[in-house]
Amino acid sequence: MGLKGKDTKSLPGLHERIWKTVRRIPNGRVATYGQVARVAGLRSHARLVGYALHSLPPGFPVPWHRVINAKGRISLPVRSRHRQLQRKLLEAEGVKFTRDRIDLEEFGWNA
DNA sequence: CTGGTGACCATTA
DNA sequence: TTAATGGCCACCA
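Reading the first sequence from the start, the letters are residues 1 to 111 in this note's numbering.
It is worth saying that the hints were derived from the structure and are not from the lab. The structure displayed is predicted, hence computed values, not measured ones. Keep in mind that a hint or two might mislead.
Claimed, not checked - Once the Cα atoms are required to be at most 25 Å apart in a straight line, the calculated DMTMM-like pairs of lysine to aspartate or glutamate come out as: (1) LYS96 <-> GLU106; (2) LYS96 <-> GLU16; (3) LYS71 <-> GLU93; (4) LYS71 <-> GLU106; (5) LYS20 <-> GLU91; (6) LYS88 <-> GLU105.
Claimed, not checked - Estimated spans, in silico, between C-beta atoms of each pair: (7) ALA111 <-> LEU56: 16 to 24 Å; (8) SER44 <-> LYS71: 16 to 24 Å; (9) GLY13 <-> LYS88: 25 to 33 Å; (10) ARG83 <-> ASP103: 14 to 22 Å; (11) GLY28 <-> PHE60: 16 to 24 Å.
Beta carbons: idealized from backbone N, C-alpha and C, even for Gly.
Given only the sequences and the hints, what does the whole structure look like? Please build it.
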């Protein structure tokens with residue numbers, strides 16, 4: 001019954017769906033791209049989550065920084081400012097990094 | 001239509 | 001532990 005990956009064509013506003021889901025991640029917690037995709041009902045669209053966040057209008061009320069990759073790391077380019085900003089925002093919420101990694105067992109969102 | 005791209009992921013070596 | 005690989009598919013030029 002549910003969406004099995006291919007019938008996403010008829011779904012309108014995939015980006016909105018994704019943003020909406022990201023808005024549900026609690027303060028001080030993180031979710032992976034794949035997890036966001038699953039919760040949004042878009043199984044095989046982990047990459048689209050990254051794309052959707054990338055194309056997020058500046059100042060749009062979505063906690064994009066709470067989304068990281070499956071390894072528990074920030075996916076943004078090492079050199080970019082956004083990467084530093086993301087880490088800063090997370091640490092300000094109490095998320096701890098061990099080297100460059102976040103313990104998903106401890107800070108992962110229980111959706 | 002076609003082909004390239006990517007803020008991904010699970011598996012394998 | 002990291003690195004490579006194949007799959008994934010909406011988006012864009």
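Now for the hints, and whether the structure bears them out:
1. LYS96 <-> GLU106: Given pair LYS96, GLU106 holds - Cα atoms ~9 Å apart, limit 25 Å.
2. LYS96 <-> GLU16: violated (29 Å)
3. LYS71 <-> GLU93: Given pair LYS71, GLU93 holds - Cα atoms ~20 Å apart, limit 25 Å.
4. LYS71 <-> GLU106: holds (14 Å)
5. LYS20 <-> GLU91: holds (23 Å)
6. LYS88 <-> GLU105: It holds: about 20 Å lies between the C-alpha atoms, which stays within 25 Å.
7. ALA111 <-> LEU56: 16 to 24 Å: At 20 Å between Cβs, range holds.
8. SER44 <-> LYS71: 16 to 24 Å: Hint holds: Cβ distance 19 Å, inside 16 to 24 Å.
9. GLY13 <-> LYS88: 25 to 33 Å: Taking Cβ atoms as reference, GLY13 and LYS88 lie about 30 Å apart, which means the hint holds.
10. ARG83 <-> ASP103: 14 to 22 Å: holds (19 Å)
11. GLY28 <-> PHE60: 16 to 24 Å: Given a distance of about 21 Å, which is inside 16 to 24 Å, the answer is holds.
Going through the hint list in order, the structure does not satisfy hint 2, though it satisfies all others.
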